[in-house]
Structures are given as C-alpha cells and as structure tokens.
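Construct all of the structure, not just a fragment, from the sequences and the given hints.
4 protein chains.
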Amino acid sequence: MLDETAKGVFTIAATPFLPDGALDFESLDRLVDTYAEKGADGLTILGMMGEAGKLSADESLAVIKRVIGRSPVPIVVGVSAPGLAAMSALAGEAMQAGAKGVMVAPPMGLRTDAQITGYFHNVAEALGDIPFVLQDFPLATGVQISPSVILQIVADCPTCVMLKHEDWPGLEKISTLRKASDAGARRISILCGNGGMYLLEELLRGADGAMTGFGYPEMMRQVIDACHAGELDHARDIFDAYMPMIRYEAQPGMGLAIRKHTLAQRGMIAHPTLRKPGAGLSAAAIAEVDALAARQKRRLNDLGL
Amino acid sequence: MLDETAKGVFTIAATPFLPDGALDFESLDRLVDTYAEKGADGLTILGMMGEAGKLSADESLAVIKRVIGRSPVPIVVGVSAPGLAAMSALAGEAMQAGAKGVMVAPPMGLRTDAQITGYFHNVAEALGDIPFVLQDFPLATGVQISPSVILQIVADCPTCVMLKHEDWPGLEKISTLRKASDAGARRISILCGNGGMYLLEELLRGADGAMTGFGYPEMMRQVIDACHAGELDHARDIFDAYMPMIRYEAQPGMGLAIRKHTLAQRGMIAHPTLRKPGAGLSAAAIAEVDALAARQKRRLNDLGL
Amino acid sequence: MLDETAKGVFTIAATPFLPDGALDFESLDRLVDTYAEKGADGLTILGMMGEAGKLSADESLAVIKRVIGRSPVPIVVGVSAPGLAAMSALAGEAMQAGAKGVMVAPPMGLRTDAQITGYFHNVAEALGDIPFVLQDFPLATGVQISPSVILQIVADCPTCVMLKHEDWPGLEKISTLRKASDAGARRISILCGNGGMYLLEELLRGADGAMTGFGYPEMMRQVIDACHAGELDHARDIFDAYMPMIRYEAQPGMGLAIRKHTLAQRGMIAHPTLRKPGAGLSAAAIAEVDALAARQKRRLNDLGL
Amino acid sequence: MLDETAKGVFTIAATPFLPDGALDFESLDRLVDTYAEKGADGLTILGMMGEAGKLSADESLAVIKRVIGRSPVPIVVGVSAPGLAAMSALAGEAMQAGAKGVMVAPPMGLRTDAQITGYFHNVAEALGDIPFVLQDFPLATGVQISPSVILQIVADCPTCVMLKHEDWPGLEKISTLRKASDAGARRISILCGNGGMYLLEELLRGADGAMTGFGYPEMMRQVIDACHAGELDHARDIFDAYMPMIRYEAQPGMGLAIRKHTLAQRGMIAHPTLRKPGAGLSAAAIAEVDALAARQKRRLNDLGL
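Residue numbers (my numbering), protein chains in the order written: chain A, 1420 to 1724; chain B, 1420 to 1724; chain C, 1420 to 1724; chain D, 1420 to 1724.
The hints are simulated quantities; they were obtained by calculation from the structure and are not laboratory data.
Don't take each hint at face value.
Treat identical chains as interchangeable: a pair holds within one or across any two.
DSSO-like, lysine-lysine: derived pairs with alpha carbons at most 27 Å apart [said to hold, decoys possible]:
hint, residue 1, residue 2
1, 1457, 1695
2, 1598, 1457
3, 1426, 1519
4, 1519, 1695
5, 1519, 1716
6, 1695, 1598
7, 1519, 1484
8, 1426, 1695
9, 1426, 1598
10, 1426, 1457
11, 1716, 1695
Here you go:
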C-alpha cells in the first residue's frame, strides 16, 4: 500500500492511442517497461495527462489492469470524478486490480477553506481505507489550497498519505508543510509536478521526489540521485540541460501533445495521437521541439549522460 | 425522437433516495406518475437537479430504465460528462433504453466563442444522430454563450434541436434568437429553466415552454395554458401567487433541498434525502418554506386553483 | 460616525446623468431628497450600482460633496479600488467632506480564507480609524467569504462595524453570525442587499435592515416597519406585492437600467441615462417593467399603500 | 507617437520604493538610465509589474512625469482602470506629459468575444486619437482573447497599434496573427511578455520584440540582436544561459519580488521594497536566486558576455 514514506520518481504515464483513437495496448506495455528502465519508483495512471476524461469506464478499467499486470513498480490511479459514487466505484475496482493507492484532485468551483476540507472529508469517507494522494494543482482546477488546509486534511484523514504538489508558486508551501511536520504534524510524502519546472528547488525545500510526466523521465531520476549524492552542482548541470525543454513542455494545453511527440520520437510509444478533443502539434511546433531536443542531446553528451 | 417542435412543460425530475442514500425506486415511480398528472409533456432526468454526478454508472442506467419504463411522456437524459467517451457511452445506452434525446451542458473552463462552438461540434460528432438539447446555464457552468454562438451551433449541428435556456439575464437572448429564426435561421425549440423565475416574460419573448423542476410543477402548466389561451392577466395572477416560493427555491446550492422538501411534503416522494455531499435544510429554512407554502395555498385558493 | 448599532434602511443611491453622460446634479439633489422622504435612515453612494467605476476621481469627489451637503441622513461612501493607496486617498477625502463611513468590497481574485482576512487586515490598516462596511457580494466579486472569515475580520478589525450582506444563498450565514455574536463575538450591524429579494427572511434571521437600491425604496421602509411592529402578515403582503418587480430588477447587469427607468418614471431623476459602457433597456424590457409597475400599483392600492 | 512599426525591447519598468514605502525617485532615475544603457528601445511604466494599483492618482502622475523627463527613449504608460473615465483621464495626463502611447488590459470578468470587442471599442472611443497597446495576459486577467477577436479589434480600431502578447500558450497565436497580416490584415507590432520565457520562439514566429521586465533586461537585447544577425545558435546559447533565472522569476505573485531583489543586487535600485500588500522574499528564496545568479554569471562569462 502507498504510504507516507513514498519517495523518488512516480512517473505520470501517458495513455497511448492508435491513429484511429483506439487504445494502443502494445505501446502501453512498452511505455510501462521504459518508464521502469528509466528509473521510475512508481507510476501514476489516468491523471490529467493520461487523458482520463476521454476514456469510457470500460476503457479506464482495461488500462488499469493492463498496466498493473505489466509494471514492476507500484501503481497509483487517478480517480477524480464529478461525484463521489463514480470516484468510489473506480477506486474500488483499481484497488481490487492491484493498485497501491489513488489520486484525487478537487473539483473546479471549490473556494473557501471549509469547502475544501469538507470535500476531502467526504472523499476520505467514500474511499474507506484506500490510501490517497491529494493533488494540489490550482492552474488546472482553479482551487487554491492554503497550507493550513492541507495540514487540516492531513490531521483529519489518516488515509491521505501523499501530496502531489503543483501549486505555482509553491516553494514556500513546501517549506511551510515541512516546518509543520518537523514541529509534530504527521509527515506525508510530497512529490512534485509542474512538469519538473522547479524540481531542484523543491527537493532542497524538503520534497521527497517528483510525480510528473516530462518526456525525458530519466531527468527526474538523474536530478534526484545527484541531489541525494550531495552533488548539487552536477544536479544543477543536468537540470539546466533539460530546462529549455521542460519550459517548452510547460505550455498549458499543449504539454501533452509535446510530450507524446517526444515519446514517439524516442520510440517509447508508436504514435503521438491524442484522443479528441485534443489537437496535435503544428509543423512550427514540431520544428521547435526537435531543435530543442538536438541541443539538449549535445548538452547531455557534454555532461557524459 | 425529440425535435425542434417540442414545446410545453418538460419537468426536470428529482432523483429520490431512501434515508440511507440508496435509490428509492418506489418514489421514483410515484414521482413520474405525478409529474405526468400535473401536466408534464416530457421529463428530463439526470440533470444537475437530478444529482446525476452522485450516481455511479450502473445507478444512472437503472434510473434511466425505470423512468422510461414508467413514463407516459417522452424522456430526455442529461449526459454531460468531463469526456466525450463517457458522454457518448451514456447517450447510447439511454437511447437504446428508449430515451427521445439527451441534454449537454458545456464543461467549466470554456471561454472563447471558438472554444464553445468547437466543443459542441465535437459533442454533435460524438453523439452521431442522437438529438440533443444545448443547456445554457452560465451561473452553474461559468460558460457564457453569446446568441451568435448558439446560432452558429444551430447552423452547424442539425442534431441540436433544443435550447435549455437559463442564462440570466436572458430575455434579450430569446428575442435575438427568435428574430434570427424569423429571418431564416433554423428555428429550434427553446424551453426555459432558472426555476421558472422569468417564465411569463420568457413566453412573451418567444420561448416554447419550460424545462425546470420547481416543486409545484403544475405552475408551469397553468401559466403556459393561460398564456396560450390569451388570458394574460390570469397567467400573471397565477405566476405571482407562486412567485415568493419560486424566489425562495432559486437560492443556488439550496434549491434542490427546498424542492425535495416540498415534494416530500406533498407526498410525491417518500423522503427529502439528498445524497452526500449535499445537506438538508435547517429548521429555520423549513419554517420559511412552510410559511411560504401556506400563504401560496391561500392565494391559489383565491384564484380558484 | 457609523457604528455597530446602525440599522434600518440605507438606500444605495444611483448616480444620475444627463443624456450626454455628464453628471446631473439637479437630479442628484432631488434623488437625495426623495430617498430621505421615502424613509432612508442613511444613503450609500458610489457603490457598484452608483456606477462608481465610470467616474473620474474629480467627479467622485464632486458627487460626494454634493450628496453630503444635501442629505439629512448619514452618508456611507463606496471606496473599493484595485489598490490601497487609491482607496485610502478616496476614503480620506470622503470623511473630510463629512461622510460617516466607507464601504469596501474585496477585489476579484481573492480565494483562500487567509487571502481574504489578509486583505481586510490591510484595508483596516490603510483606513486607520475610519469605520468601514465589509461588502460580501460573491455574485459580483467572485470572492466567497465563510462566516468564520467574517468573524475573524470582526475580531481583528475594530473598525469593521457593518456587513453589507449579499451572499446568495445567505440566510444561514446571517443565522451563523448572529449565533456567534449571541455567544460573545462582537456584534456588528448586518444590512442586506441583493435588491431586497430575501429581505423578509433576512430580518427574521437577525439582520438589522436593508442596504440596497430597489427602485421603490419605500418597500424596505414598509417591510421593516411592519416587521418591527410585529405585523408579520402585513409585512408579507407588502413584500409579496413588490416581489414580481424585485425579481425583475434582480437580473444581473440589467438591474441598474431597470432601476433608473423606474426612478425616471417616478420623477425622482430626470433621465434614465447610464454612462458608457452600459446599455439602456430595449422596448420589450420597458414594456415588461411598465406592466409590472401597473400591477404592483394596483396590489399596493388594495393594501391601502 | 507609438505606431505599428515599433520593435525591439520595451522594458517594463519597476517602480522603486524606499523602505518606508515612499516613492524612491533617485532610484527611479537610475533605473531609467540603466534600462536605456542595457539596450531598451522604450520603457513601459505603471503596468502590473510597476505596482500601478498601489499608487494614488497623484503618485502615478509624479512617476509619469519623472520618467518622461529623464528617459532618452519613448514611454508607454499603463492606464488599465475599472472605468473608462479614470482610464481616459490618466491617459490624457500621460500624453500631455509626453508619453508616446498607453497600454490597456481588459478587466477581469469579460468572457465572450462580443464582450471583449465591445470593451475595446469603448476603450478606443474613450482614448480618442491616443495610440494604445492591447495587453493580452490571460493568466493575470482571466480574459481569453481569440486571434479572431484581436484581428477584429485591429480592423475596427486604427489606434490599436501594438499587441503586448503574453498569452500562454501563445506561439500559435503569433503565427495566426502574422498569417493574417501577410494576407492583408493591418499589421500591428507584437511585443512579447511572459518574462521572456518563450522569447526566442516568439521571435521566430514573427514577433517584433519583447516587452517585459526580466531582472537582466540586457537578455532581451542580446537575444534579439543575435537573432536579427542570423546567429541563431548564439542566440540560443544566450537564452539558455538566462533560462534557469527566467523560469525562477516566472513564479506568479513572486516575480516582482525576485525582480526587485535582482535589481537591488545589481545596484539598479537602492531597495528591493514592495509596497503593501506585497511580501518580500524569504531567506530560502533569496538563497535560491543568488545561487542561480552566480551560475548564470559563469555561463555568461563562458559565452564572452
């Protein structure tokens, strides 16, 4: 079971499709294998970047079973849904299939502190003893969660074992949460998203790792390992080498298309297809990504990577 | 099949629950019967007021089948969903079960005209030849749809046969749409929501009827019939008699609890239960509703109703 | 000075313009006189309904001075502004001119409880010893304020002496705040807005009066007086007679045009002009208002009013 | 006068304060001088990053006059305001003082295409013959503007001479606008914001330069000059060297504090003070900026800069 000690790299998995929009299970297998080879300690599936909302209930379950059957590392399943009944049903199926935990983002429209804590109280009750990740991603959800609200949820809900941190700006939030756990609050795992954009600073502030799906997932492994080895300058060299691409992939609404293009270029999936509604990249954008990839390769070579 | 000629009263049906939160199918039967007796020309189920988001997929289908098996009038099914795959799957099941059409509200987050028309193009494509109702409810969805956007969707999507109009303010929008269809644009049905708050003015502006779930659904029948009979003063007398209650029920986030309280008081359902998350009424609110109901009864008596 | 004991009717004053958009000071005088004659205990100027945002700084000051020089009742001045410096400057000028207090709505964009309390701490500091009204109007500002946040601001800021309550739904909020002050929290004045739509229930929940600008401001006086006299049925009769018009005026974005039409029809101002950007009423809307006014007059006649 | 041919670097100027919050005119002089020395072709003052909302009207005018009196390059003044009267008054004063144009961002709350074009029609009318920059910054304003809306405004308003482009993602928008002007639409200047995060790609897509206030404004000059000289690889080397800092400064709500820290560290202003409400940097954040600055310096040295 997922618990507060989780750390390292939980890669957010893309969901591969064939050119006609059907699920591409062969690519899914290859993707799972490659994520693990490139250093994932776990995988998160059916998150926002997994195009979860575009799958039918049957397809979601098929993806869950396929990934869990294949993966050598633990699986977390995104179960955000407009209603608790659907969330609870999907979470139950995922856990029965072998998932280690689930991830929940608050629905758009929550505003006050009381609304947010109330929502997660209901989530925790609906999920029973299933451990869950609280996804804090205001840019996508519009829900702004204060550190004090997170601490309240952590205090009230023992099954909340991890924060997927992608508030922006969010560095002070990590420091605040760590100061609170140092002072006696229950310490939960903090893995960071935002495409890795602030990964190095996040680690220095006390994060336990990354949970994101950057098209070169080995970046997270390399940066975290260098940090843990105390080689901070080396970590910065690596991080900076990937930075122009991280930044380019960070364009909201385009990030997934860029990421799938990269995964396809690298042979990790067969097709860069996004399911509708969801557009591919323009020729200009493809040229931009490819130029960045070529430079990145040279810089990583210079670093012996 | 639902088409552009639909008119009259399409009552938005509540979904009744037992005190423990389970679906109350006996009450559902009684509710369907009573809605028809009180003058419904059709029913709309699994809309926002039907707590659709709180049902699992299996429960949704069970409700659809039960209502369609019972109802003497045509059924429209709300199928709004975060993704097109889930929407399309539910719509297919509903139509197979005998529904006459489906209703779709745009997801929160759509902003520009192009985003909104693009979304409904995708919806129409995903639904194939299933006729659909465009639900225009900015207070709930946050999506503001210009008249020109509605006209564009109507022009582009022949399966868009009805507007559920609950923009606020929205009277000029009805006039604009009717002016456009008088000038040659395809004329679709316009049924109005907003709890009936502006029903009389909406009819005078060219709406074809009401699609809402006010706790006294006979109000819509009575007002529409009086208007059609040319008895405008009588229509206003009826409308005004219900107005204090319409206004009270219009409180966002509380309307459903008020409505279910009324339905339970009137014996149309067994319990006023809302499924979680969703609170019941305070003692003070119940006293307020009951006081309004008592006065309303006297005024309707005076009108011979 | 405005303080926690304020009660009764604080009418929100419109700002009259000539047909060419210039300030109409003669109408302003007449409006101030009439508001007082119709029972206002105070006036609030330069609020959202006073088209404050459309006045230059010089014009705002001219309006403030004219109204204060004319009015027999105390004046509250709306000073909401994007920045504290502008707010503080305007508040200082208003108080120097003889205003009794100011009103502040939070800027769009505030979300978490901490952001909102932090903002009002800054407001209180910037205003020094000037008493202020906290305007709680989520439909217009997008800022949702929990009862606990209001209580925190009241506890922290002794100069916060009044709540302009126009949350929707908001009845439980009044009950919660009154329960808190009954239990020992500082009791501030609560005057209610929302065009008077829930005035009767608000009074029964513990509100101290109304602060709104309904086109027939005598309604607030009559309803409050009847309530205070213990004639609740009479109060309801009056309230119900105005209800169809209250509801019609409640259309967001159109309310001011309707109100100015009414004020002009009643001879309280010379022209219904709105300053740009801001449209007048269509012919259809004018016909609707006039029909409602005629019926309202008859019903009030029947009540001996 | 500012016109469609404007290009290069328009630096967004910070507004320096003394530790007690008063305007620091000496630092303002030095800042203006340094911006020009570091290659600015123009300056934009009183934008969002200039803490415009925190200045009183008198202070705004004082800053305008001081900067215009000092600067060897043309000045654009941000005049966004809740109302057209205040905007028009400030714009008139700015132009009289010698500004070459003004900049206007749409107010929060605009949604439909028609609302946005309508707003800018009103702006253009209110500004008369004053040339203006349309600021397109959805992350800050919440207003999403389609390319077709921009083209409509450009077609309708001859005084709209420049787009301050900071939509995100926004690269396709630049391509679309340039394709339209290539096909015959009036071509206006496009200068890009977003802290320079996508400057290189923006230039390649057809932007005319940068309008942003990154703490090392020479970056914009160097990247643009290298691009124009056809030395694309060199441009990328420079851009990449600054990238970790650009990214760090891009944190919304913190960017200005980071920028002012940098400006103070570099001696361009005396104090990093932000006016209230607005917090300074934590010790951890300062350490992060300083570490980035040290690495950046080394990398620029390696590039001979």
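Hint by hint, here is what the structure shows:
no.	hint	verdict
1	1457 x 1695	neither (29 Å within a copy, 43 Å between copies)
2	1598 x 1457	neither (32 Å within a copy, 41 Å between copies)
3	1426 x 1519	within (14 Å within a copy, 52 Å between copies)
4	1519 x 1695	between (30 Å within a copy, 26 Å between copies)
5	1519 x 1716	neither (35 Å within a copy, 46 Å between copies)
6	1695 x 1598	between (44 Å within a copy, 26 Å between copies)
7	1519 x 1484	within (13 Å within a copy, 36 Å between copies)
8	1426 x 1695	neither (34 Å within a copy, 34 Å between copies)
9	1426 x 1598	within (18 Å within a copy, 47 Å between copies)
10	1426 x 1457	within (16 Å within a copy, 45 Å between copies)
11	1716 x 1695	neither (32 Å within a copy, 45 Å between copies)
Comparing the model with each earlier hint shows violations of hints 1, 2, 5, 8, 11; every other hint is respected.
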